[in-house]
Every structure is written in structure tokens, then in C-alpha cells.
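A.B. asks: Line by line, the protein sequences are chains A and B. Under my numbering, think of the first position of the first sequence as 1, with each following residue one higher. Under my numbering, think of the first position of the second sequence as 1, with each following residue one higher.
To be clear, the hints were calculated from the coordinates, so they are not data collected in a lab. Just so you know, even glycine gets a beta-carbon here, dropped at the ideal spot from N, CA and C. Careful, some of the hints might be misleading.
Some chain A residues near chain B, calculated using beta-carbon distances under 10 Å [unchecked claim]:
#1 14
#2 30
#3 32
#4 40
#5 45
#6 108
#7 127
#8 149
#9 298
#10 301
#11 302
#12 305
#13 385
#14 399
#15 402
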Amino acid sequence: MRLPTGVKPADFNAALAAFTRIVGSEWVFTSDADVDLYRDAYSPLVGEADERFASAAVAPETTGQVQAIVRVANQYRIPIYPISTGKNLGYGGSAPAYSGSVVVDLKRMNRILEVDEANASVLVEPGVSYFDLYNHLRERGSKLWVDCPDPGWGSVIGNAIDRGGGYTMANYRNHFDSHCGMEIVLPNGELLRTGMGGIPNAKTWQQYKSGCGPWLDGMFSQANYGIVTKMGFWMMPEPEAYLRCTVRVPRYRDLIPLVDTLNQLENMRVITGFPDLATPLLGYPPTGQVQVFIEGNATYAMTDAHKALLAKAELGYSPELEAYGISNSIPYWELWVTYYGPLEVIDAQWQATQRHFAKIDGAMFKVVDRLNLPVDVAKIENYHEPEFGVPSLRAFSIGARTPFNPNPSKGHMWFSPIIPRTGEAIFEANRVFSKAAKELGMPLFSTFSMPCCFWERSFIFILATPVTTDPQTNRRYVAGFRKLIEIGGEHGWGEYRTAPVFQKDVMDVYSFNNHALHRLHETLKDAIDPNGILAAGRYDIWPRHLRKGGK
Amino acid sequence: MKSMRILAPLLIAVSATAVAEPDGAKVYQKWCAPCHAPGITHAGTHALMAKYAGRKSGVLTEWTDLTPDYVRLMVRTGISVMPHFRKTEISDAELAALAKYLAPRPLEAK
Numbered sequence: 001m002r003l004p005t006g007v008k009p010a011d012f013n014a015a016l017a018a019f020t021r022i023v024g025s026e027w028v029f030t031s032d033a034d035v036d037l038y039r040d041a042y043s044p045l046v047g048e049a050d051e052r053f054a055s056a057a058v059a060p061e062t063t064g065q066v067q068a069i070v071r072v073a074n075q076y077r078i079p080i081y082p083i084s085t086g087k088n089l090g091y092g093g094s095a096p097a098y099s100g101s102v103v104v105d106l107k108r109m110n111r112i113l114e115v116d117e118a119n120a121s122v123l124v125e126p127g128v129s130y131f132d133l134y135n136h137l138r139e140r141g142s143k144l145w146v147d148c149p150d151p152g153w154g155s156v157i158g159n160a161i162d163r164g165g166g167y168t169m170a171n172y173r174n175h176f177d178s179h180c181g182m183e184i185v186l187p188n189g190e191l192l193r194t195g196m197g198g199i200p201n202a203k204t205w206q207q208y209k210s211g212c213g214p215w216l217d218g219m220f221s222q223a224n225y226g227i228v229t230k231m232g233f234w235m236m237p238e239p240e241a242y243l244r245c246t247v248r249v250p251r252y253r254d255l256i257p258l259v260d261t262l263n264q265l266e267n268m269r270v271i272t273g274f275p276d277l278a279t280p281l282l283g284y285p286p287t288g289q290v291q292v293f294i295e296g297n298a299t300y301a302m303t304d305a306h307k308a309l310l311a312k313a314e315l316g317y318s319p320e321l322e323a324y325g326i327s328n329s330i331p332y333w334e335l336w337v338t339y340y341g342p343l344e345v346i347d348a349q350w351q352a353t354q355r356h357f358a359k360i361d362g363a364m365f366k367v368v369d370r371l372n373l374p375v376d377v378a379k380i381e382n383y384h385e386p387e388f389g390v391p392s393l394r395a396f397s398i399g400a401r402t403p404f405n406p407n408p409s410k411g412h413m414w415f416s417p418i419i420p421r422t423g424e425a426i427f428e429a430n431r432v433f434s435k436a437a438k439e440l441g442m443p444l445f446s447t448f449s450m451p452c453c454f455w456e457r458s459f460i461f462i463l464a465t466p467v468t469t470d471p472q473t474n475r476r477y478v479a480g481f482r483k484l485i486e487i488g489g490e491h492g493w494g495e496y497r498t499a500p501v502f503q504k505d506v507m508d509v510y511s512f513n514n515h516a517l518h519r520l521h522e523t524l525k526d527a528i529d530p531n532g533i534l535a536a537g538r539y540d541i542w543p544r545h546l547r548k549g550g551k
Numbered sequence: 001m002k003s004m005r006i007l008a009p010l011l012i013a014v015s016a017t018a019v020a021e022p023d024g025a026k027v028y029q030k031w032c033a034p035c036h037a038p039g040i041t042h043a044g045t046h047a048l049m050a051k052y053a054g055r056k057s058g059v060l061t062e063w064t065d066l067t068p069d070y071v072r073l074m075v076r077t078g079i080s081v082m083p084h085f086r087k088t089e090i091s092d093a094e095l096a097a098l099a100k101y102l103a104p105r106p107l108e109a110k
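Just need the whole structure built from these sequences, with the hints factored in.
C.D. replies: Put into C-alpha cells, the structure is as follows:
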């Protein structure tokens with residue numbers, strides 16, 4: 001049996017006995033084989049001294065059990081670390097941030113407590129996955145859509161409080177923004193409800209987000225101030241129709257007005273769905289189509305002359321390459337735009353979209369899909385499922401063995417800096433990170449990388465760093481990843497989310513005024529969790545007794 | 001009330017029996033099919049197709065040489081980008097049912 005650092009065996013055994021009384025022996029895991037199941041399956045540190053390990057795990061089924069577990073943890077000073085479905089792969093998985101923590105596995109808390117069709121909202125527990133919610137809604141004939149990330153087995157709550165994103169309309173695809181009301185077990189075991197849930201017998205918990213007074217919900221995301229046990233979400237009512245089109249522009253510098261015009265149209269809600277950027281001339285597909293390219297073992301078709309020009313281009317540009325694209329009708333940039341709504345509305349939105357982009361000389365327009373909804377389930381595989389509110393695991397073809405990728409990886413870690421939503425920032429991020437990746441020997445760029453458009457006002461310049469079976473290579477990639485974080489910070493960019501192994505590096509970038517933000521995080525930690533039992537180290541927030549010098 | 005008291009343990013016993021014998025096909029549908037159903041849009045199937053290059057089906061349910069031990073090993077250790085699964089996801093009883101479903105005749109298959 002493993003023991004948390006600084007905890008006496010007698011105290012640990014007493015805590016485990018108490019956990020067993022709370023949840024039953026079946027749901028307390030202490031054998032090495034069982035506890036190893038809480039290792040991060042995508043950890044780049046497998047077998048290394050700093051790989052994160054749990055000491056045990058306990059799996060409650062009710063909020064009352066979570067409260068009881070937290071009280072026991074306080075009594076015996078046991079570090080605990082909550083997970084929801086434990087599928088945060090690429091961002092830390094199910095392993096604790098602080099080795100030796102007892103994982104509080106909330107997977108059994110998998111109830112969908114309310115579906116309010118009229119309010120288009122749900123109230124769920126943390127063990128509910130996107131698959132669970134989707135299946136539940138379809139079984140009861142609901143007309144609500146689930147905005148899901150690519151991996152459908154993730155937790156609706158877990159993804160939201162790690163601030164993940166999806167693929168439908170802007171106000172739904174930001175998963176934390178789309179929540180309305182939380183229930184939280186505080187580190188002292190007390191139960192809290194936020195927003196209108198602060199009113200006993202609240203009638204509008206899932207109708208109005210902020211309640212009155214300080215709005216604290218953000219404190220319980222990417223943090224360690226409480227265990228979220230319920231969360232409400234606003235859902236997208238099934239639209240009548242879906243329209244997907246492309247806007248293609250011919251020249252390198254056209255990327256700048258292309259993004260500016262997209263921003264204006266999305267912020268006005270003329271373009272309503274997930275926008276996606278690609279570059280046929282440089283061979284980089286749109287985010288939502290990456291798996292389709294992998295499945296087809298194909299990129300954009302290229303002649304040898306095209307490939308030769310591409311190989312000589314710097315940062316994806318040369319006058320000769322641009323001229324080749326223009327003379328062969330291969331667009332430099334391709335923007336995929338989508339619309340949800342009644343056909344007469346979305347057709348008009350597409351008309352307005354074309355009028356605005358026509359200001360770019362040589363812009364070309366194409367309708368790709370124009371569908372009445374719902375799409376027949378049998379045909380849904382023809383599309384990027386999450387854009388239709390359908391969860392899947394299709395994106396795991398990225399990294400898995402395929403003819404496209406004959407040497408599968410052991411996982412990946414997402415390098416995910418937020419950059420401005422401009423064409424200039426895409427050029428700058430490519431310049432900075434491709435140079436750094438080359439110097440660091442990291443396989444992150446082939447020609448040019450395009451950002452993801454999950455958020456309305458910024459891009460995520462996301463790069464998948466492979467995890468291999470070779471410890472030496474992994475160590476090099478971890479060191480390189482850290483350097484990339486530092487370089488990003490020097491340019492004013494920071495990650496939106498990261499795995500525990502990089503959380504200190506990332507939070508160090510947020511250093512304005514001598515780390516005022518981090519100092520406040522730890523001031524709050526001391527006040528809310530004086531015994532420092534909950535999720536120590538998550539996003540580099542440490543309790544006093546684990547900080548250097550106890551400060 | 002008296003008869004209720006007598007019935008209660010029986011109901012619990014029936015319920016416990018139901019939990020003890022999960023349906024392997026359902027476990028497969030929930031946890032495996034999203035990656036291993038037929039077709040290359042399923043990453044697990046596509047990976048196995050690439051691995052065996054026509055020597056063997058890429059669809060797990062079409063394999064005849066799976067053993068229960070191998071099913072258990074893969075579920076609890078994972079392989080490549082397939083992660084391992086915890087007991088709160090697939091319990092030991094569910095894993096036994098899954099192994100039986102995927103490897104119903106391991107000895108004959110050999």
C-alpha cells in the first residue's frame with residue numbers, strides 16, 4: 001500500500017476505514033493494481049520519479065458521501081483529489097496533481113437530475129459523460145442538443161470546469177460559459193449552491209447565472225476550492241437546418257482580412273456555427289476534418305511542382321508558391337463557416353456573409369452541405385459529429401495506428417496557447433513556435449499550423465506533442481514543452497489549460513505585478529481550505545504546508 | 001407490514017444477483033463499440049485494420065482467438081492511445097462478462 005507523504009500509517013488506515021464505512025468496501029481501492037488504474041494513461045512521465053501517483057481511491061455515489069469523505073480527510077489531514085470521469089486525456093487524465101493524494105472518483109455520481117425542455121437546460125452530476133447525456137436526451141425524445149468536445153466519454157461537468165470547448169454555436173461551445181448554477185462541497189464539507197441556487201427552493205437556478213452579490217463560479221474551475229457535485233447547463237435547441245460553406249481566398253496576406261471579416265460576422269451573429277480555418281495550398285486541413293483526412297490517408301492533393309515550392313517556402317510563403325496557387329486555382333486559405341437555424345434565415349446569413357467577404361479580391365464561395373435536421377443517425381458519420389451535437393471517439397484516430405500514421409503514439413499532450421484572433425497573430429505564432437520547435441527537435445510542425453476557433457475573441461494555437469514509449473524522447477519533449485510555454489509568455493501568450501506536469505510553468509507566465517494572481521490564489525486557498533486537503537497543487541495552487549518555506 | 005419486512009431481503013437478493021451478472025454485450029456497446037464498431041470512423045477498428053493489414057478483421061467481435069485474460073489485460077492496461085479503464089467505469093464483474101462476450105470459447109479457438 002502507498003502512503004501519502006507526511007501522513008502516519010495509523011491515520012491513513014483510520015481514514016481508509018472511515019471511507020469504507022461511508023461508501024462500502026467495494027468502492028475503496030487500495031491495492032497497487034487498482035490504484036494504478038488512476039495513473040494518467042497519457043503521462044509523458046511514465047516510470048519517472050515525478051510521475052503522479054495516487055495512494056488510494058474512493059468512489060462516492062452521493063453528495064452526502066462526498067461531504068463525509070471531505071470531513072474524514074480534514075480529520076486525518078489526508079490529501080484528496082477529485083476526478084469526474086477521469087478522461088481528461090492530454091491534460092492530465094485521472095492522476096492527482098500531488099502524488100500520494102487519495103483520488104475521489106466521482107464516476108458513480110452519474111445522474112441526470114433534470115431536463116427542462118422549455119428552458120433548454122439540464123442539471124447533471126460529475127460522472128455524466130457526453131455519451132450518457134446524449135443517449136438520455138435521445139431516449140426521452142428531447143429536442144435538445146449536446147455541445148460536446150471531440151472525445152464523447154468526457155464528463156460534462158469536468159470538461160466545463162477545466163474550461164473545454166465544443167463545436168456548435170459560440171454561446172454553447174464555451175462549456176464553462178454555458179453553465180448556469182453550481183453545487184459545491186467546500187473543503188470543510190459544507191454544501192454551497194451558486195447563482196440563484198443560493199435561494200432555498202430556488203425557482204430560477206438554471207435560468208439566471210449570477211444571482212446577487214459576488215459571482216464565484218469561476219473560482220471553482222481549474223482550481224482547488226471545492227468539489228463540484230451538480231452543475232446546470234444551457235443547451236442548444238435542435239435547429240431546423242444546417243448550412244456549411246467555404247470562403248476561399250488566393251493570397252498569403254488575405255488571411256488578415258479573412259479573419260477580421262469572420263470576427264465581425266460572428267460577433268454580429270451573422271455566422272453562427274463553428275468557424276474552421278484551413279490552407280489547401282500549404283496542405284493543412286480544418287480542425288473538424290483532421291480525422292477525415294487521416295481516415296482517408298490523404299492530405300490535399302499536390303503535384304510534385306507544388307511540393308517542391310512548398311519545401312522551399314518560409315513560414316508557408318514564397319512569391320512563387322503564391323503565384324502557383326493563383327494560376328492553379330488552389331486557395332491559400334479556406335474558411336469553413338456554418339449556420340444553424342431556419343433555412344430562410346441561414347440562407348440570408350450566407351448571402352450577407354458572401355457580400356462581406358467579396359471585399360477580398362478573388363474570394364470564392366461554395367456551399368458544402370445544406371441539410372434539414374435532424375440528420376439521419378446512419379448518415380451522421382459522413383459529418384463531423386460534434387457539429388451536430390453527437391458525441392463520438394472518432395478523433396482518437398489522431399495518434400492511433402492508421403495507414404496515415406503507421407507508428408502510433410502512446411498519447412499526446414496538448415500545447416494550447418491563446419493568441420489574438422487575427423491573421424497577423426497566426427503568422428506570428430507560426431514564426432515563433434515553428435522556429436522554437438525546430439531548435440528543440442519537437443515534431444510539431446510540417447509546413448504551417450492553423451489555430452482552433454473554439455472561442456469568439458481568441459484562437460487556441462493548439463499543437464499536439466506526442467507521448468512515446470521511449471523515456472528519453474519523452475523527457476526531451478517535456479523539456480521542450482516547458483520552453484515553448486516560456487517562449488509563449490515572452491510574446492504575451494499563455495495556455496488556456498494544461499496537465500499537472502506543466503501547471504507551474506503555465507501559471508508562472510501569469511506573473512503580472514510580481515505574481516499577484518498566484519498570491520491571491522494561495523491567499524484564498526489558505527482561507528477556504530486551511531488544512532490544505534483538497535487537490536493540492538492543482539494549477540499550482542498549494543496549501544501553506546506544502547509551499548516552499550511554508551509561506 | 002410484516003410481509004413487507006419479509007420481502008425486503010428477497011428484493012435485495014434479487015437485485016444483488018442482477019448486479020452480479022452484467023450483460024457483456026451491453027458493456028461492449030457502452031465502452032468498446034465507440035472505438036471498435038465496424039468501419040474506419042472507429043479509431044480502434046482502423047488501428048487494428050492497419051496493424052493486421054487484411055490478415056485478420058479489424059473488428060473485435062469478429063475475432064475468434066481472443067482469450068478472456070487478453071481482454072482483461074487490454075482493458076486494465078490499455079494500448080497505444082487506448083487508455084486503461086478504472087473499476088468505476090468497468091467493474092470486475094462487468095469485465096468478466098465482457099471477456100465472456102468477446103471470448104466465449106477461448107479453448108476451442110486455440
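A.B. asks: It remains to establish, for every hint, whether it holds in the given structure.
C.D. replies: Hint check:
{"no.": "1", "hint": "14", "verdict": "23 Å, violated"}
{"no.": "2", "hint": "30", "verdict": "12 Å, violated"}
{"no.": "3", "hint": "32", "verdict": "12 Å, violated"}
{"no.": "4", "hint": "40", "verdict": "9 Å, holds"}
{"no.": "5", "hint": "45", "verdict": "15 Å, violated"}
{"no.": "6", "hint": "108", "verdict": "6 Å, holds"}
{"no.": "7", "hint": "127", "verdict": "8 Å, holds"}
{"no.": "8", "hint": "149", "verdict": "14 Å, violated"}
{"no.": "9", "hint": "298", "verdict": "12 Å, violated"}
{"no.": "10", "hint": "301", "verdict": "20 Å, violated"}
{"no.": "11", "hint": "302", "verdict": "23 Å, violated"}
{"no.": "12", "hint": "305", "verdict": "31 Å, violated"}
{"no.": "13", "hint": "385", "verdict": "9 Å, holds"}
{"no.": "14", "hint": "399", "verdict": "4 Å, holds"}
{"no.": "15", "hint": "402", "verdict": "5 Å, holds"}
Of the numbered hints stated above, those contradicted by the structure are hints 1, 2, 3, 5, 8, 9, 10, 11, 12, listed in ascending order.
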